[in-house]
Structure formats: structure tokens, C-alpha cells
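Peer 1: Please model the entire structure based on the sequences and the hints provided.
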Amino acid sequence: MTIENIERKHMKKGLNRHPLSRIFGLSLLVFLLLSNSLISQEAAAEEAPAAEAAAEAGGDPAKGKQLFNQNCAACHSLDRKMTGPALANVEQRLLDDEGLDKEWLYAWIKNNQALISAGDAYAVRIYNEYNQAQMTAFPTLSNQDIDDILAYTAAPPPAPVAAAAAAAGSEQGGAASSGVSNELILGALVLVFGLLVVMLILVNNTLRRIAEANGVVLEKEKAAKRTPVWKAFAKNQFLVLVTSIFLILAAGYYAYGWMMQVGVDQGYAPIQPIHYSHKIHAGDNQIDCKYCHSSARVSKHSGIPSLNVCMNCHKSIYEYKGNPEGPSAEDIANGYTNEFYTKEIKKLYKAVGWDEENQRYTGESQPVEWVRIHNLPDFAYFNHSQHVSVAGIECQTCHGPVEEMEIMYQYSPLTMGWCINCHRETKVNLADNAYYENIHAELSKKYGVEELTAAQMGGLECGKCHY
Amino acid sequence: MASNKKYWKSEAELNPNDSIVETLRQNEFPEEIPVDDFLGDKDSLSATTTNRRDFLKYVGFSTAAASLAACEGPVKYSIPYVVQPERIIPGVSNYYATTIADGFDFASILVKTREGRPIKIENNTDAKAHGGANARVQASVLSLYDSTRIQGPLSNGEPVEWDVLDATVKAKLAGLANSGRQVALLTQTYASPSTSRLIDDFRMMYPNVSHVTYDAISEDAALTAFEQKYGERALPDYDFSKAELIISFGADFLGDWHGGGFDGGYAKGRVPKNGKMSRHVQFESIMSLTGANADKRVPLTPTQQKVALAKLYSKLNGTAIGGDIPETAERVLDALVSEIGTDSGKAVVVTGLDDVHAQSVALAINELLRSRAFDVAAPRYLRQGSNKALGQLIADMKAGKVGALIMDGVDPMYSLPNPAEFQEGVEKVDLSVTFSTNWNDTTAVTQFTAAANHYLESWGDTQIKKGHYSLMQPAIRELFDTRQFQTALLQWMGSEQSYYEYIKETWNAGVLGGADWNKALHDGVFMVPTTPEGVAEDAQVAGEEIPSESAMVSLASAVQALANTSGEGMELVLYPKVGMGDGKQANNPWLQEFPDPITRVSWDNYLTISKADAEKLGLENSYVANGGLDGSYARLTVNGVTVNKVPVIIQPGQASGTVGLSFGYGKTTGMKEEMRVGVNAFPLYQNFSNIQPVTVEKEAGNHEFACVQLHKTLMGRGDIIKETTLEIFNTKDHHEWNKVPEVSLNHQEVPATTVDLWAGFDRSIGHHFNMSIDLNACTGCGACVIACHAENNVPVVGKHEVRLSRDMHWLRIDRYYSSEDTFEGDNTKKEELSGAVGSKRGFGEMEDPAVNPQVAFQPVMCQHCNHAPCETVCPVAATSHSRQGQNHMAYNRCVGTRYCANNCPYKVRRFNWFLYNNNDEFDYHMNNDLGKMVINPDVNVRSRGVMEKCSLCIQMTQKTILDAKREGRTIKDGEFQTACSNACNSGAIVFGDVNDEESQVAELSRSNRMYHLLESVGTKPNVFYHVKVRNTDGTLES
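Just so you know, the sequences run in chain order A and B. Counting from 1, one number per residue, gives the positions in the first sequence under this note's numbering. Counting from 1, one number per residue, gives the positions in the second sequence under this note's numbering.
Any given hint might turn out to be false.
Said to hold, decoys possible - So the derived list for chain B, only partly shown, Cβ under 8 angstroms to chain A, looks like this: (1) P80; (2) I89; (3) V92; (4) P751; (5) V755; (6) G766; (7) Q886; (8) H888; (9) T970.
What the hints assert, rightly or not - Facing chain A, from chain B, some residues (calculated, C-beta under 7 angstroms): (10) Y77; (11) G91; (12) P379; (13) S880; (14) A890; (15) L962.
To be verified - Okay, derived cross-link-like pairs now, DSS-like style, lysine-lysine, Cα gap no bigger than 25 angstroms in a straight line: (16) B:K76 - A:K279; (17) A:K464 - B:K959; (18) A:K347 - B:K398; (19) A:K446 - B:K1020; (20) B:K645 - A:K290; (21) A:K464 - B:K972; (22) B:K112 - A:K464; (23) B:K401 - B:K388; (24) B:K932 - A:K300; (25) B:K972 - A:K300; (26) B:K959 - A:K427; (27) B:K128 - B:K972; (28) A:K350 - B:K76; (29) B:K959 - A:K300; (30) A:K300 - A:K347; (31) B:K112 - A:K300; (32) B:K799 - B:K932; (33) A:K290 - B:K519; (34) A:K102 - A:K81; (35) B:K268 - B:K972; (36) B:K698 - B:K672; (37) B:K959 - B:K932; (38) A:K300 - B:K76; (39) B:K645 - B:K698; (40) A:K63 - A:K110.
No lab work stands behind these hints, which were simulated from the structure alone. The structure displayed is predicted, hence computed values, not measured ones. Beta carbons: idealized from backbone N, C-alpha and C, even for Gly.
Peer 2: This is the structure we're talking about:
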């Protein structure tokens, strides 16, 4: 809340960041760089023997990983209960705890319902334990495929991600250390120059004193007896007139410019209660805008997705594992570490009332109060579906490169001039639309053009947007 | 949506009527600032250290600071659902079919909801009976968001839990079971199969339960007459579209007679088709909406009406009967008899006289005529109240025979003529529970007030007429901690069932006959497949052919009794007003501001009196400088009961010797200060008869009315209304009866429509919207006015502002009286006037409202002129024209010069003199969060200082276009609608695209009855009218 409050008071345009937070970020960065590289090194060390173990099991863990991610990862994790049980070492565990062999696993994976209805004791137990959520049957998986998957669950191959992250980490560590030395050099230089300046002043003073003692008159004092420039300027009325006209015009120009931006919130990027990164969702993961903002197709509102839409994915995506290359230096500088994002996912769970432990909703939910970024005034009617579904305009046309926005901001000015411009220039999308057929044929004949613009269709009329 | 949770800081807040809490809620600092102590004292002023210059510095600084602070926008939040309901998409409306059945208004309707909030009522066109919403039904959506609603159950005015209420009631019911004392249910008319069954079940459990139905405005006489004749307590149904001759004796069937809803059928017969239209003759005392639409209106006192009815019967029967009526009426009766002639089935006779004899005779005449419009096979169940049972109940209560009294949907302490008697009875009852949405006179005297649901929060069903069922489903969850009567009954019976399941059970067992429940719920209506009509008719005929001897005798005596009626002195006619009905929705600001179709007075009820009687009694109406109407006060005394300070309106067409007063006003308990208007007429409603002998006396004082249209004649500007008679319409060329005014061009007279000052604009491509208004079909009911109010967020301005002519209705229904039989008469007179003196006298003559004027209704909204005078004078181009024919109004551009309003020949532009929203000076509905829920999110809420007007519902036309574009299809005729055309039950308002040759509006625009308002002005409007044709020719002229 405190950050939010500060942000509310400092409702600035642009991507202004508080200087304090920058310093904080810098110190955090140094700390994180050190800790991160340590962690990744440890992980790499751990995974090496595991890979060897897997090779013995008869399956290909690399292929298994691929299959696992394709088929199982939506509901299972290796080391964590999700919709289904954790699968790390599942084969061994079943053998040890329940005395069930691989054959049972084949049967279960290919058609678990058959096992349950046959009354298999463990099958029924596991079915009930997980809220009777029916597991998808995978009859298409061959025994070899299952072996591969089991090999992966027994010993996941060393993640290239981790290695890459480690590499990147050490690189950045190097960069950071060189940055420190640069600063040292710079500091030394500043010190040297400072000393030089002090010395110069001292020398100058000494010389002056000597000169005075010797009775030498300095030129500067002579010059003071001439008419000062400002007096000469004040006497020249023409110059004064021209200057004042110029000043008035300049002031007018800037005042106009300043006033025209009043109420235009281009670049407005408020801090949101949950740090939602469009870059990760729309950019890295290529999720279609309208998957979440689905009402943009049919309604005037694009719609802020309700939390149950988030949970479609985040039921199984409970932590942020970073993009394959690992967090960039910039991200780390901003504090956007994996832990940071995972914490944001937990905020979502809290809001929607998701009990991660038991994989169910508690019913205690708290709607998220997003700060609205695009505030169209009430007297302007805008309909998303007209632009998205009918005209087929890309979301990015107005909202900018959302897929690159770590923090969402208002890309366009949303002024009337901006709307009108687009209506003047944009050709109407008529393809396969029976509505336009007649009207277009007649209107284009009337205006003598091939393709009509929105303006020619009447898109500039006041009442189309103001009622 | 909104949670049902209620938070409070102190106990007192739970009482909706606690004035101190209210004061505290409104005032953060209830202590007044001691301004006078400071500014009133010279010494302290001079002693202060703040001097003038300091003050200016402060002002300068604060202005600068405020303007700088204003540059940064406020932070707005978007709060999405946690789990979004599947059917709700923000920004897209959903429609649900439901039914209103509040005991007075019954209709199958559609409810438009946005983000789960009901915001508008639409007609359910699937319904064959009562699918039309009248003005009150249209406005009922606002009553849902009434901020004065009771928010939870109360015990003697103090909040109580439902559990406590349930436990008390259950204990009492059990205690009374074998005590020999009654448990009485006093309820409104439900016409509900499930509720009937439920009450039967309840009675099964508690055998001492009795059920009394009570209608505030009784139809007991008609019910009794019908019951005597046909053995069922119901009301006959009439299909006026099948009638060629409609004869009404005081029946306001376009109003609320027999439950209303006849206007659709009536209007169908009123539009001349193949040279034929129905003829309507009305004998009545007050000027009712129905009388105003009649071709021939004969003002008669109720006594004379009874005699006339008896005479009509005997004339048709070929017998002679005595009785005294004016000669003109006698002549009209003779003419009617001869017109009925051989094909008697074309005629229908109805009467609104609260007299069993009169009702029986009317039924007998229709039987005699074998009227085609008359339907007794499928009667209506909209009124079931029994005066006898109610009288018995009150007597029992007073005698201490009633142990518990449970009321729902009634307010007897307000609507009974003898509330004191009722109160005496209630005090002798051990347990009294009232189900009510609002705090009222009855809840004030009962122990428990059970906070009831609004109908939009309730489940229910109705059988509007035999075989026509409809379902009521909630469109929103209960806003408050309320419960509907039926749910409570189930609870008290110890049933686990919800009322929804109960209804479903009833329907599956007895109504649907195997049809799909979900489909019925989706449609909102269900019609039992009827037996072929012939069979039903045969049965009816068979029943009729053997009239028992006793029935014949009683009918003869009824006719004789009617003929022998004689009345001395003034007669008072009590009637429900179109806008207010029985007063259930008196707290609804839309309805209060709705101008009465006849008098054009809003925010009041009044005594209507004829000019002659008014002069005799010294009562007068006068106008003051600002255009406001003032009236004298009168004192009414009926059998010793006196109602004081009744404002008087001199009503043209009122039968002399009669006065009229409407129900529904004068409520004070539980009402907002602004809504406490008018006088209560119910104390005069003795023996539930709408006709009372009365003494009228003048009282001191002057009443200020809020009247939106002056009470004068047309002053010769006849061409705004064009009318003709059927004879001329049929025989002459349309250039004669639909004459286009001529103007002089190059010293030659040419039709005004051919002259153009402007270069035309080609509108032949794309849509070109036109609206057609048929003056023949328009009954003036005003449903469109309220529909427009709801759709376009039109603000309510209050009585004082309406009086200053600042009403905001985008759509008004002008009512014109004409003193001559034809407008030509007026016109000729005007032409003949010469000189200032002559014209003054001449106009004075025309101003004198005639004894029996003709009336015409004309809905007028922005005419969307193609050459709009408003557009050319706007200095900031805030109003401009579209190629689709709509005249646009950009509110954010408007600077409020009001030039446009001055230049508008139709006076349809409305100026926002004040900020009407978020302003406690206008305490109606736009200043509280609850009332604002009714606001249409697609239409801007206007601010102070801007002009507004009808937009031809551009938000609706744009939506239709967008839907078509999205689906990639062309638009079919009928898809384009406006709020008023949707609301019009009579088909008078038709909207559409004239560029679509096939469309109905294009066809109407080619009709030779078509004309534009004030064609001589050359504005080329996109709204056109159809000449009113009156069927007055021939024999009826007297």
C-alpha cells in the first residue's frame, strides 16, 4: 500500500522512476548478482550425477522431458502437488511404497478410468485423494514414450536453462566488477581534477596578490568603465521591441504546448497492485491479446480479465522460471528476478483465494483494484468490437508494443485529433462483409475512389462518438 | 454484483426514518459554522490581522493551486470480477423475459440488464395478451433503485432478524391453530396459479387461514356482474380491433379500466384501412384519455350515463323506458341504434360505472349484439378484490376474531376510505405482518414489516387471462435483506422448497402439459393451446340461448334501476391517473414528473371542473408572468368526509355538474419530501364506488401548478396538427385534406416543400432514418415519454423547475384542444380577424375552451430537420447533421448560448439549467448510488450549461449497425428501433431506414396522409406525421 500511496501522490506522466528506488535497485542488483550465481552453480552441480543415473533406466530423459512438457505438465510437476501428484521418481516410489510395477503405470496412464472402474485399490485411492479429478487418458503414448517420461521423472536432464543462467550470471558478475573498477578510475580522476582546480585557484590568487603588490592594474577593472551591455540594449528600442515580441511568441508557443498536454496522459504508467508483465505474457509466451481481453471482440469494453481467466493458466504455472536466456541485466537492475515474479503470482493466488497446498479455492477472494490506464472521457463513445472485430485493427495500432511492455503504459495520446487522423487515413476493411457491399459500391462511385476511408463512411460525424 | 451485506455504525441507522441519522449522514459537520459571529461583528472584523491584501493573496494562491492540481487527472480503478459470470460481458446488454404483477399493473415484459443491473423495460412482443408496458411499467425499473426502500425486516420500526420474525410468526400460527381465531391473509390481486396453490397449501396446514384479496381501486361491480352471469369471478376481455363501433359509458379502457392493456387492439382499428376505421363514441363525465380519443364525446354526469345505458339497452331491445337525459345524448343514442343496424356484432358496449346493474346491462347488451370484440370464454383475472370479504375481515378484526393478519402488496391504511376503522381492527390483532418494499401508512401500524422484494428481484407467475400464462423471474439478486411473500409462506410452512421450485412444480403439473419449462421461462409467456374457436363460441352461444327466467327478471330490474337513477347536486368521479395509477409508485420521480396526457400537469393531482361550474363557485385558473399556471383551492365534502385544499383545474370537456379527482397522490409516510405532492382521494372513495355525491366549496389560497403546456386552443396555427374526417378522407383528393402550405416564389404561389433555400445533400446512400408518427394510432398514453426518460438518462428536475418551463423531457406529447369541430373553423376565424382590437376579441373567443372540445395528441421530439435551423446558428458547431439523417448534438462542444433553442420552430431543445446529477438540490435519483444504477451506460449524463435533445436514439441505431457489421450481414426492416418506437404499444411510432424501399417506414412515408410539421418553415424534417382522421361524419353530428 505504501508504494501505491506514493505513486498516487506522484501521478507523473512518463516512465518516471523515483531516484530512491533506483539507488535501492542498484544495491539490490549487486546483492542479487552474487546470490544468483551461487544458486545456479549449486543447481548445476546437483544435476550432473542425476543425469548419469537416468541414462541407466532405459528411457531417454531428454525425449521424456519433451513428452512430459507436452502431455503432463499442465497437471503434474516433478516435486510439487498440483492437480495431480508430484511425479519425481514416481516409478521407484510406487514400487517401494505400493509394490506397483511399471505395467501398472502403463495401464494407468493409458486408461486410468478403466483401472478405477475395475476397482484397483490404489487407483481408486489416488482418484479420491485428488478430488475425483479425472486424469486425461493417453492411449496414444507407447510404452517407450512412457519409459522416456519415467526416465525424465526419475532424473531430469541438466537444464540448459540453468547452465545458461549460470553462464549469464557469471558474465554479468564480471561486468559488474568491471563497472566497479571503472567507477574507481572515474573517482580518482575526479579527485585529480578537483586538486588541479584548487591548485589553479591558489596559484591565481597568489599571482594577483603579487600583481597588486607591484601596482599592475588589471584589465578587467578597466573594462568595467565601458557602458554595460544591458544598458546599451535598453537604449536600443528596436531591439527591445523585437526581443519582447520574440519572447511573447515563444512564451505563447510553449504555453500552448503545455496546455495542450493537460489531460493527455500519454505515457501514463501507474504502479499496479500486481506487477503484471505484458512482456512475459504477450511477448515471451505469445499469448493472444484477446485470450484475456476477450470482450474486445464483442463489446465496447476490452475488459480487464477476471481472475478466473488468470487461473486457467496459473493453476499450473505457480512460479516464474524466467525466459530461457535468464533475466537480462536490465531486468535484474529493476529487480525483476524470478523470485519477484513468483511473489506476484502468489498475490494472484491470494486475491482469487487459491489454496496452493490443497489445490482448491478457499472461497475467500478479494478483487484486484487495477489502476485504469486508458481513461477516455465519458462524453466520447468508443467501441472496441467495431475496431477489433469489424475493422480488424491490431491491438498494437493504438496500444503500442504491448508485448514489449514490462509495465503497461498509455502509448497513444487518445486525443480527438489522433482519432480523427486515423479515421481519415484508414481504409475500411470490407472483405467478406455483406453489410458493406452495397453501401461501398455506391459510395466509392460517388467519391471516385477504390477504397473508402472511415471518414468517407461518415466516421468524422460528431454523433458517431459523442452521444 | 452488489453484496447483500449491510454495514452500520450505530443502531439508529437501521431505521430508515430516523431523521437524526439522516441529518448526520448528509452533514459531516452538523454544527453550523458560526459565520454570523464572525462577519456580523464590526469590531471583530477590524481586529483581525488578515487584511484585504492578505485575503487577495490567499485567493490568488488557492486559485493557482487549484488549477495546477486540476491538471493531474484523478486515479481511476478498474475492478474486474473475481469469477466472471458466463453470460455477463461488460458492455453488452442481456435481456430477460419477466412479468410485472404488482396488483395494479400486469404485463409481460423484457428487462434489459447491463452488468447485472436492470436498466430498462421493453415490451414482450411474444405475448399475445398484455405484452405492452404502459408508462408506469416502463418507470417501474426505477422503483427498484428507490433509496427509501426498506432494507431489512423491522419489528415496530426497529431492525430485526428474519429468524426472529420467522420464529415469532411460526409460534403464533401454531398457537392460533386451534384457538378458533382466524389467520387472515390480506393481499393484492396476484392472478397467480402458484400463489393460489401455495395459499391453499398454507390453508391445508393452518385450517383457520382466510385469504382476502383487496384492490385499492376496486372493480368489484364488474366482477360481481360477471360472476352473476357467467359463474366465474373474472372480467370479460375485449378485442377492440374487431369492433367497428365502440360505445363506452365512462369506461377509460385506454387507461386502467379492467386492468388496461386494450390500447394495442384499439389503435389497430383506428387506422383507416380501405376507407374504413372504427368509430368510437364516449359518454363520460371527466375528460379521460379514452374520451380524448373518441370520435364523438358526449359529456354526461354519471347519473345520466346510467340512464343512457339503460336507454340504449331498451332501444336495442325494442322496448321503451323512461329516464331523463339531455336531448343531444338522446339523439346520439338513436343514431347509434340505427348505425348498429343488422350487423350488430360489429359493435361493443363497455362501461366503467361502479354499479353492478350498469355492468350487468353492458354484459347483456354485448350478448344481445353478439359482439365480436367481446370475449367471455377467456376472461381476465387482473382484478379479484372483493369488497364484501374485505368488509367482513375488518368487522372480524374489530370483533377480535382475527388472531394474525399478514398483508402483502396492499396499503389499506392509505387506500381505505376508513383507515381509522382498519387501525382499530389491527390493534385487536395479536400479530400483524406487512410485506412492503417501502415504509408506508400500513407498515407504521403493524408490528412486523417484512421487507419485500421488488418484482425484478422475485419469482412468480401470472395467468393474465384464461390460457395466457406468464412467468416472473428475477433480473437481479435482492439488493437488500428482503424476501418475497411466497418464500416466507413456504418458510412458515416448514417447507424446504424454494418458490422457484414450487412454481416449476405447479407449471409442470398443471400448466405446461408436457411443454418445456425452460422455453417457457425463456419466452416469459406460455399459451395453453386453445380449443378451436368455433367450439368455444358454440359453448358460449349454447349458454346464452337458455337465459333462465330469474336472470331475465333481474336484468329487467337492473335496467329499470338504472333508468330510475337520479342525482342531486354535484357528482364526484374518482379515477386513476395515467401516470400514477393507484399510487403504488408514488415515490418514483419519473412518474411524478410525467405530465398528465390531458391536463399536462405534473407533480400534482387536482379537481377537474367544468368552466360553468367553476364560475358558479368562483374557482379560477390563472397564469403568472413566468408562464406558470395557478389555481384556486376547493374543499370537497362527501358524506361528512372532508378533503381540504384540493387545487382546481378547469377542464374543458368536463360534464357540468361533475368534478373529477384522481387517486394515488397525497402519500406522506415514507416518502421523500419532494414527492409529497397532491391530495389523497381515497378518503372519499366510500363503499368503493368511483361516483360520489359531493359538495364543493372554494377555499382561500392559490395553488401553483407545474403545467407544461398552456390550456388554450390552437390559436389558428392549425397546420401543426392536420386532421380531417373519414368522409372527406374517403371522398376527396389528398391535396384538399392534407394541404401543403404555399409560399410565394417569384410572385407565384408554390407548395412550400418545393422551395429550398439551401443546397440539398444527397442522402440516398447508406441509412437514412425516418420516424413516422400516426396521429390516428397515438392514444397519448405516454409510455414513450418514460421509455425515452429511461433510455436517455433524462434528468428529473422537480416541480419548481417544471413550473419554470425547464422540464427536460426529450419527447413530449402535446395535447391540442380544438374549439370548433374542425380546424378550418379556427382558421377561417383567424383570417377574418381585422385590426388589433378585433383580433384581441377574436382570439379571446377562441381562447375560451369550449364545453366539449375535440382533442388531438401529438408526440413531438426533435424533428431532425435536414435543413435544421438550430445548426446554422450554433457559434461553436456543437450541433451538426449526419448523412444518416440524425441531427447530432455534441455536449462537450456546447457552450450553452441557447441560440439553437431560440431558433427551433418545434421547441424541442432542452437546456440544463443546473447540474442535475450528484446534486442534492435535486434529490430524485441521480444523486445517490442506488438511483444511479438505472443510468444507461451508453448515453452520456449531461452536465450543467449544455443543450440537449432527442438523438433518435443514436446509441441504438449505432448498435444495430455494429451488430450487422460484426456478423457481416445486411440489416432487416424492423431492426432499427428507438426507445419510443419500441415502447409504443399502439404502433403509432414507426422507425426505420427510408432508403430501404421495402421498409415499413418507407411505405408510410409514401402514404398520402403523410405530412411534416410546419412545412412552411422549410426545415425538411426526418420525422413525419400522419393526418388524423376522425370518424365523425354522418349521423352522429348533432
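Peer 1: Of all the hints given earlier, name the ones this structure violates by number, lowest first.
Peer 2: Structure breaks hints 4, 5, 12, 18, 20, 30, 33 and 36.
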